[in-house]
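Chemist: Sequence:
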Amino acid sequence: MSGDGTVNGVSYQARVIAGIYVRILAQSPLGWFSQGNDTPTAVWGETKGPGDDARIEFGGRFVTSEVQAKYGLNAGAELDEVLSKIRALSGTLEMPVALVLDESSTSRLYREFATDLERLRSSRDDDLRADARRLHGADETRDLLPRLYVIRTDLDDPHDAGMEMALHLLASVLENKEQTDAAWDVLAQDAMRICSKKLRRNRE
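Residue numbers (our numbering): 1 to 204.
Hints were generated in silico from the structure; no laboratory data involved. Some hints here could point you the wrong way.
To be verified - SDA-like cross-link-like pairs, simulated, lysine to any residue; straight-line CA separation at most 20 Å:
#1 K48 with Y149
#2 K197 with V10
#3 K198 with V10
#4 K198 with D52
#5 K85 with A75
#6 K48 with G91
#7 K197 with D185
Produce the complete structure using the sequences and hints provided.
Modeler: Below, the structure is given as structure tokens:
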């Protein structure tokens, strides 16, 4: 990965975690997982678990899950490499993993592939598109797919849908809404810190 790619990837990871912070503060569901109440209660940084980038706790309302945040992920070999890493880090942990992507990633991943994963979770493996069909046919990835969720979250620009929602929710918990942008910056900086220090944050 190039220097710019590394910076973009680390920054995106921190913004994704900051977005989880906001959901914790606002006590609002992520809407990433199709079953159960996925309102987060705590988040870890750099877990060395299946997703590695972050672990999310839900206070018993949903099973503990992990996050792999990828900025500009390409379908094909890059996707295969990410899934191989998730599988290798899973060990005996069969927890759900959210593969969180931005709009610069290959669009069929957060459109076609994400839909095919949902169909697999409903026990339908017919009429799969190319990526899901190939991965479902491989022994090393078949069992991983039902617990994989592909989520698109754009957090680069204030007008991105993901950022607009995060800022709206953050403003709802602040006494001074004019401090929303400054509060977001604080959360994003702290997200970098919990990754570098391998820390955990909850609402308190």
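Chemist: Each hint should be assessed against the structure and marked as holding or not.
Modeler: Status of the hints after comparison with the structure:
1. K48 with Y149: 19 Å, holds
2. K197 with V10: 14 Å, holds
3. K198 with V10: Holds. K198 to V10 sits at ~14 Å (cutoff 20 Å).
4. K198 with D52: 11 Å, holds
5. K85 with A75: OK: K85 and A75 at ~15 Å, within 20 Å.
6. K48 with G91: This hinted pair holds, its Cα atoms lying about 11 Å apart.
7. K197 with D185: Holds. K197 to D185 sits at ~18 Å (cutoff 20 Å).
In summary, the structure agrees with every hint in the numbered list given earlier.
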